[in-house]
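Kindly produce the complete structure, drawing on both the sequences and the hints.
The chain contents come next:
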Amino acid sequence: MSPEIDVGLVNVTKKFGNLVAVDNVSLEVPKGSFFSILGPSGSGKTTLLRMIAGFEVPTSGDIFIGGQRVNDVPPNKRPCNMVFQRLALFPMMNVLDNVTFGLRRRGGMSKAEMERRAKDALARVGLQGLEKRKINQISGGQQQRVALARSLVLEPTVLLLDEPLGSLDLKLRQSMKLELKHLQARTGTTFVYITHDQTIALAMSDTVAVINHGKIEQIAPPEELYRRPATHFVASFVGENNKLVNGKVVAFQDEEKVEVDIAGIRMLGRAGEALSVNDTVDLFIRPEMITVRPGKGENGILGKVSEINFDGSHSLVIVSLLESKQPLSLNVKIQHTENAPDLKIGDLVTLSWRWDAANAFLSMAQPHIEAEA
Amino acid sequence: MNASTKRRSLWLLLTPMLLWIGLLFVLPHLKLFYLSFISRRGGEFTFANYLYFFQSPLYRKIFLRTAVFSILVTALTLLISFPLAFIITKVAGKRLKMMLLLAVILPYWVSELIQAFTWMVLFRESGVLSYLLQMLGITHHNIEFLYHDTTIAVGLVYTSLLFMTIPIMNSLDTLDDSLVEAAYDLGGNFWSTLREIIIPHAAPGIMVGSIMVFMLNLGNYVTVTLLGGKNSLWLTEIIYNQFIIRFNQNKGSAFSVILLTFSVIFVWIMLKITKQDLSEAM
Amino acid sequence: MFRRNELSLSKVLFYAYAILILIFTLGPLVIVTILAFNNNPSASFPWQGFTLDWFKSSTPNRVGLFNDARMMHAIGTSLQVAIVVTLVSVVLGVNNAFMFVRHRFSGQSLLYLLMLGPLVVPGVVLGTSILAFSYGIANSLDKLLGAGAGTFLRPGFWLVVLGQVSFVATTTTLVIAARLKRFDLSLEEAALDLGASRAEAVRLITLRFLAPAMLGAGIIAFLFSFENFNTTYFLSGSDPTVPILLYSRLRFGITPEINAVSVMLMIVTGLLGFVAFAFQKEDAA
Numbered sequence: 001m002s003p004e005i006d007v008g009l010v011n012v013t014k015k016f017g018n019l020v021a022v023d024n025v026s027l028e029v030p031k032g033s034f035f036s037i038l039g040p041s042g043s044g045k046t047t048l049l050r051m052i053a054g055f056e057v058p059t060s061g062d063i064f065i066g067g068q069r070v071n072d073v074p075p076n077k078r079p080c081n082m083v084f085q086r087l088a089l090f091p092m093m094n095v096l097d098n099v100t101f102g103l104r105r106r107g108g109m110s111k112a113e114m115e116r117r118a119k120d121a122l123a124r125v126g127l128q129g130l131e132k133r134k135i136n137q138i139s140g141g142q143q144q145r146v147a148l149a150r151s152l153v154l155e156p157t158v159l160l161l162d163e164p165l166g167s168l169d170l171k172l173r174q175s176m177k178l179e180l181k182h183l184q185a186r187t188g189t190t191f192v193y194i195t196h197d198q199t200i201a202l203a204m205s206d207t208v209a210v211i212n213h214g215k216i217e218q219i220a221p222p223e224e225l226y227r228r229p230a231t232h233f234v235a236s237f238v239g240e241n242n243k244l245v246n247g248k249v250v251a252f253q254d255e256e257k258v259e260v261d262i263a264g265i266r267m268l269g270r271a272g273e274a275l276s277v278n279d280t281v282d283l284f285i286r287p288e289m290i291t292v293r294p295g296k297g298e299n300g301i302l303g304k305v306s307e308i309n310f311d312g313s314h315s316l317v318i319v320s321l322l323e324s325k326q327p328l329s330l331n332v333k334i335q336h337t338e339n340a341p342d343l344k345i346g347d348l349v350t351l352s353w354r355w356d357a358a359n360a361f362l363s364m365a366q367p368h369i370e371a372e373a
Numbered sequence: 374m375n376a377s378t379k380r381r382s383l384w385l386l387l388t389p390m391l392l393w394i395g396l397l398f399v400l401p402h403l404k405l406f407y408l409s410f411i412s413r414r415g416g417e418f419t420f421a422n423y424l425y426f427f428q429s430p431l432y433r434k435i436f437l438r439t440a441v442f443s444i445l446v447t448a449l450t451l452l453i454s455f456p457l458a459f460i461i462t463k464v465a466g467k468r469l470k471m472m473l474l475l476a477v478i479l480p481y482w483v484s485e486l487i488q489a490f491t492w493m494v495l496f497r498e499s500g501v502l503s504y505l506l507q508m509l510g511i512t513h514h515n516i517e518f519l520y521h522d523t524t525i526a527v528g529l530v531y532t533s534l535l536f537m538t539i540p541i542m543n544s545l546d547t548l549d550d551s552l553v554e555a556a557y558d559l560g561g562n563f564w565s566t567l568r569e570i571i572i573p574h575a576a577p578g579i580m581v582g583s584i585m586v587f588m589l590n591l592g593n594y595v596t597v598t599l600l601g602g603k604n605s606l607w608l609t610e611i612i613y614n615q616f617i618i619r620f621n622q623n624k625g626s627a628f629s630v631i632l633l634t635f636s637v638i639f640v641w642i643m644l645k646i647t648k649q650d651l652s653e654a655m
Numbered sequence: 656m657f658r659r660n661e662l663s664l665s666k667v668l669f670y671a672y673a674i675l676i677l678i679f680t681l682g683p684l685v686i687v688t689i690l691a692f693n694n695n696p697s698a699s700f701p702w703q704g705f706t707l708d709w710f711k712s713s714t715p716n717r718v719g720l721f722n723d724a725r726m727m728h729a730i731g732t733s734l735q736v737a738i739v740v741t742l743v744s745v746v747l748g749v750n751n752a753f754m755f756v757r758h759r760f761s762g763q764s765l766l767y768l769l770m771l772g773p774l775v776v777p778g779v780v781l782g783t784s785i786l787a788f789s790y791g792i793a794n795s796l797d798k799l800l801g802a803g804a805g806t807f808l809r810p811g812f813w814l815v816v817l818g819q820v821s822f823v824a825t826t827t828t829l830v831i832a833a834r835l836k837r838f839d840l841s842l843e844e845a846a847l848d849l850g851a852s853r854a855e856a857v858r859l860i861t862l863r864f865l866a867p868a869m870l871g872a873g874i875i876a877f878l879f880s881f882e883n884f885n886t887t888y889f890l891s892g893s894d895p896t897v898p899i900l901l902y903s904r905l906r907f908g909i910t911p912e913i914n915a916v917s918v919m920l921m922i923v924t925g926l927l928g929f930v931a932f933a934f935q936k937e938d939a940a
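Top to bottom, those sequences are chains C, L and P. With our numbering as the guide, the letters of the first sequence map in order to residues 1 to 373. With our numbering as the guide, the letters of the second sequence map in order to residues 374 to 655. With our numbering as the guide, the letters of the third sequence map in order to residues 656 to 940.
Treat each hint with caution, since some may be false.
To be verified - Once the Cα atoms are required to be at most 25 Å apart in a straight line, the calculated DMTMM-like pairs of lysine to aspartate or glutamate come out as:
(1) C:LYS119 - P:GLU843
(2) C:LYS77 - P:GLU844
(3) C:LYS132 - P:GLU843
(4) C:LYS77 - P:GLU855
(5) L:LYS379 - C:ASP62
(6) P:LYS798 - L:GLU417
(7) P:LYS666 - L:GLU569
(8) C:LYS132 - P:GLU855
(9) P:LYS836 - C:GLU56
(10) C:LYS132 - P:ASP839
(11) C:LYS134 - P:ASP839
(12) L:LYS379 - C:GLU56
(13) P:LYS666 - L:ASP550
(14) L:LYS379 - P:GLU843
(15) C:LYS15 - P:GLU843
(16) L:LYS379 - C:ASP72
(17) C:LYS119 - P:GLU844
It should be emphasised that the hints constitute simulated quantities derived from the structure, not laboratory data.
Below, the structure written as C-alpha cells:
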C-alpha cells in the first residue's frame with residue numbers, strides 16, 4: 001500500500017446474516033483529499049464507514065489506514081475519528097469538555113495544554129467564547145462545529161463524516177458545505193464523507209465513490225461523474241436527467257458515438273458502456289445541456305412548448321416532441337441570460353444537443369432496480 | 374463488539390438478574406405452591422389444605438366477601454376518578470390542575486398506614502367526626518364510625534384513587550379536544566359524546582386502572598384491618614393468621630396460592646377482554 | 656371547549672366536584688397535622704392550645720416522639736433497611752436495564768414478564784412466599800453448618816431487605832430502562848472513537864446519562880422501602896420498622912404522639928416524593 005494512500009479497502013465484504021451490506025468493495029483514498037461516498041439509503045455506505053471507524057468487522061477483505069492493516073484494531077485505537085450523523089455530542093458536558101474528551105483519554109498532557117489545544121481547535125472551526133456552554137445551549141450550526149473540533153483536536157490521519165450536514169436547514173447546509181471544504185483544504189486532513197445528497201458530494205469532493213447495493217458503481221472526480229457516468233445507476237442517481245427509455249441502437253458513428261432510435265426519432269449519444277447494434281438502451285440527457293431554438297430549424301428535433309415553470313435564475317420548460325410515435329417530452333432548463341429565447345406555451349421549437357451530452361446505457365431488465373430493497 | 378464479548382457481557386448481566394428473580398420470586402412461589410399440597414403433620418401429599426378452605430363456610434364467605442367487596446370498591450373508585458381525571462385533563466385551568474394533581478399524589482406519598490390512620494382519627498368513637506356532630510347538636514353522645522364496611526370502603530377508595538386516576542388521565546390526555554368539538558358540532562349532546570367518544574377513548578386507561586385497583590384491594594391488609602377491626606373478614610387477614618398466629622405454613626401457603634391464582638385469573642381475563650398486553654399496560 | 660369562559664351549569668358542577676375531591680383527599684391530612692400540635696391528650700378536638708409536647712416532651716405521662724426510644728429505634732431500623740434496599744435495587748435496576756435494552760436473546764420476553772411479577776403479585780403473597788422459602792433454607796443451613804448458620808434468613812433485618820428488594824428492584828428497573836431506551840447509542844460509539852475504552856465509555860457517558868433516572872429511582876426505592884407494610888410485616892423480627900411499630904400500636908388505640916409521627920413522615924416522604932416527581936418531569940422533558 002503506497003504511503004500516499006490514507007485509507008485503503010481491499011475486497012471488503014460485510015454480511016449481516018444473509019444480507020450482503022457491502023459487496024467486495026475496493027477503493028483508495030489519497031492522502032489529504034476530500035473523498036465522498038455517495039449512495040441512496042440502504043446502499044451500504046454507512047456500513048462501509050463504520051468498518052473504517054472500527055464499529056463493524058468486515059466478513060472478509062482488508063482495511064488499511066495510513067498503510068497499516070487495521071482489521072483487528074479496536075475503534076478506540078484507530079488513527080481516525082468520526083463526526084456522527086446526529087453528532088453524538090455528550091449532553092452532560094460543556095463544549096470544552098466535549099472537545100478535550102479525547103485528549104483526556106489519551107493523557108500525557110497537562111490540563112492547560114489540553115485546554116489550549118481545544119480552544120485552538122474551536123478557533124479553527126470558527127467557534128470562540130462558547131467553551132462553558134452546555135450542548136443544548138448552542139445552535140445546530142454551532143453543534144456541528146463542536147463535533148468537528150472534537151475530532152480535529154486529536155489530529156487524526158483520517159476524519160470520517162457520517163452525513164453530519166443532513167440535519168441542518170437548507171441555508172445553513174449551504175454555508176457549512178463551503179466551510180467544510182475550506183477547513184479540509186486548510187488542515188490538509190483526509191476527509192471521508194458519506195452522504196445520500198449528491199449536491200453536497202459534487203460540491204465538496206475531490207473524488208466521489210458512488211455505491212449501490214453494497215457495490216461500487218464508479219469512482220471519479222465530480223465533473224467526470226456528472227458528464228461521463230459509468231453506469232445506468234450513476235446516470236440516473238447523479239444530477240437531474242431526462243430519461244428516454246427503450247431506444248434501439250441503430251448504428252455507431254465511431255467507437256463512442258452512437259445513433260439511437262427512440263420512438264421513431266434518431267438521436268445521437270455517447271455509449272456509456274459496451275453496446276452493439278440492436279441493443280435496447282435508455283438515453284439520459286441533462287436538461288441544461290439542451291439548446292432551444294424558436295421555430296422549425298435544421299438539425300434538431302421539433303417540439304411544442306407545453307409547460308413553463310419559472311424558478312428564479314432559470315426556467316424549466318417542458319417540450320412535447322412532435323415527430324415521435326408515442327407521446328414523448330423533454331425537460332429543458334433555460335438560464336435567464338440576455339440572449340435566452342423568449343418562449344410561450346404553444347411555441348414551436350427545435351431542440352438539439354452535443355452528442356456527448358446524452359449517455360446511453362442498456363435498459364435494465366427490471367426498470368427500477370435502484371428502487372428495490 | 375464481537376459475538377463472544379457480547380455473550381460474555383450478557384451472562385454478566387443475566388446472572389444478578391436471575392439470582393434476584395429466581396431466589397426472591399420464582400423459587401419462593403414454587404415453595405409456596407409445594408407447601409400448599411403438603412400436610413402439616415406427616416409431610417405427605419394432600420389436597421386437605423385446599424379442601425379445608427373450601428369446605429369451611431366461614432372461609433368461603435370471606436373469599437366471596439373479599440372478591441365482591443374489591444369489585445365494588447373498584448367500581449366506586451372508577452365513578453369518582455373518571456370525572457376527576459376528566460376535570461384535570463380537559464376542564465381545569467393551570468392552577469386548579471396542579472392543585473388537583475397534588476391532591477391525588479400527596480396521599481400516595483404518605484404511606485398507606487398513615488392514610489388509614491388519618492381515617493381512624495376521623496372515624497373513631499371519640500374522633501373528629503363524632504366531635505363535629507356533637508358540636509352541631511346533631512347527636513349528644515360519641516358514635517363509633519369505625520369497624521363498619523362503609524368505613525373500610527372509604528379507606529380503600531382513598532388509597533385507590535391515584536391508581537385509577539393517573540391511567541385514565543393518561544388516556545384522556547391523548548383525546549383530541551377537536552374530537553369532542555366535532556361530536557358537538559354533529560349534533561351530539563354531553564351524554565352521547567361521553568358515551569360514544571370519551572369513554573371508548575379512555576377505555577384502555579379505565580381497564581389498567583381497574584386492574585391495578587382491584588389487585589391492590591384484594592391484597593390489602595393495613596387499611597382493612599385498621600378500619601375494619603377484628604371482623605374485617607379479609608382474605609389476607611386469614612393468610613396472616615395461618616402463618617404468624619397458628620404457624621401453619623401449609624394452610625397459609627394454600628390460602629396464599631388461592632389469593633394469587635384468583636388475582637392472576639382475574640388479570641388474565643381482564644387483559645383478554647380488553648386485548649391488552651401486560652408489558653404494555655405497565 | 657370546556658375551558659370557555661362563560662359560566663355554565665356544567666362548569667359550576669365541575670368546580671363543586673373539584674372542591675369535594677380536594678376536601679376528601681387533603682382534609683384528613685390537614686386534620687391530623689392540626690391535631691399533632693393540639694394540647695389535648697385525647698388526640699382529638701376540641702382545640703386546647705398549641706403545643707410541641709407530642710414531638711419533644713419527656714415527662715412520664717407525655718412522651719414526645721423524639722424521646723420515645725422504641726420509635727426512634729424503629730426510625731433507625733427503617734432508615735438502615737431503606738438505604739440498603741435502595742442501593743441494591745438501583746444497582747440491580749441498572750443491571751437489568753442494560754440487559755433488557757442492550758441485548759436480544761431467546762426467552763427475553765418471558766423474563767421480562769417474570770421481572771414484572773413482583774409488582775403484580777399481592778404484597779402479602781410475596782411476603783409469605785419469601786418467608787416460607789427462607790424458613791426452609793434457614794433450617795437446612797442450621798442442620799448442615801450447625802445451629803445459627805441460617806439465622807440471617809430468619810425474620811429480621813436481612814430478610815426484610817431481601818423481601819423489599821424483590822419488588823422494589825422491579826420499579827427501579829422500569830424507571831432506569833425507560834431512560835436507557837432513550838440513550839443515543841452513537842454517544843458511546845463517539846466515546847470509543849475518541850479513544851475511550853468500553854468501560855470508560857459506559858462509566859463516563861452512559862452512566863452519567865442515566866444519573867437522573869438512577870437518582871429518581873433511588874428516591875422511589877427509598878420511599879417504597881420506608882413505607883412498605885404488607886411484605887415487611889411477615890419478614891420483620893424483633894426489630895420492627897416504623898410502619899410495623901405504628902401498626903402494632905394503632906391496634907391498641909390512638910395517641911397524640913402517633914399524630915406527630917405521621918406529620919413527620921408526611922413532611923419527609925412528601926418532600927422526597929416531590930423531588931422524585933421533579934426529577935421524573937425533567938427526565939421526561
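Do the hints match the structure? See the list:
1. C:LYS119 - P:GLU843: Judged against 25 Å, a Cα distance of about 24 Å means the pair holds.
2. C:LYS77 - P:GLU844: Between LYS77 (chain C) and GLU844 (chain P) the Cα gap is close to 13 Å, so the pair holds against 25 Å.
3. C:LYS132 - P:GLU843: holds (22 Å)
4. C:LYS77 - P:GLU855: Judged against 25 Å, a Cα distance of about 14 Å means the pair holds.
5. L:LYS379 - C:ASP62: Holds: LYS379 (chain L) and ASP62 (chain C) sit about 23 Å apart, inside 25 Å.
6. P:LYS798 - L:GLU417: Distance of about 21 Å is within 25 Å: holds.
7. P:LYS666 - L:GLU569: Holds, at roughly 21 Å.
8. C:LYS132 - P:GLU855: holds (23 Å)
9. P:LYS836 - C:GLU56: holds (22 Å)
10. C:LYS132 - P:ASP839: holds (23 Å)
11. C:LYS134 - P:ASP839: holds (17 Å)
12. L:LYS379 - C:GLU56: holds (13 Å)
13. P:LYS666 - L:ASP550: Holds, at about 17 Å.
14. L:LYS379 - P:GLU843: holds (15 Å)
15. C:LYS15 - P:GLU843: holds (23 Å)
16. L:LYS379 - C:ASP72: holds (17 Å)
17. C:LYS119 - P:GLU844: holds (24 Å)
Going down the numbered hints, you'll see the structure goes against none, and every one checks out.
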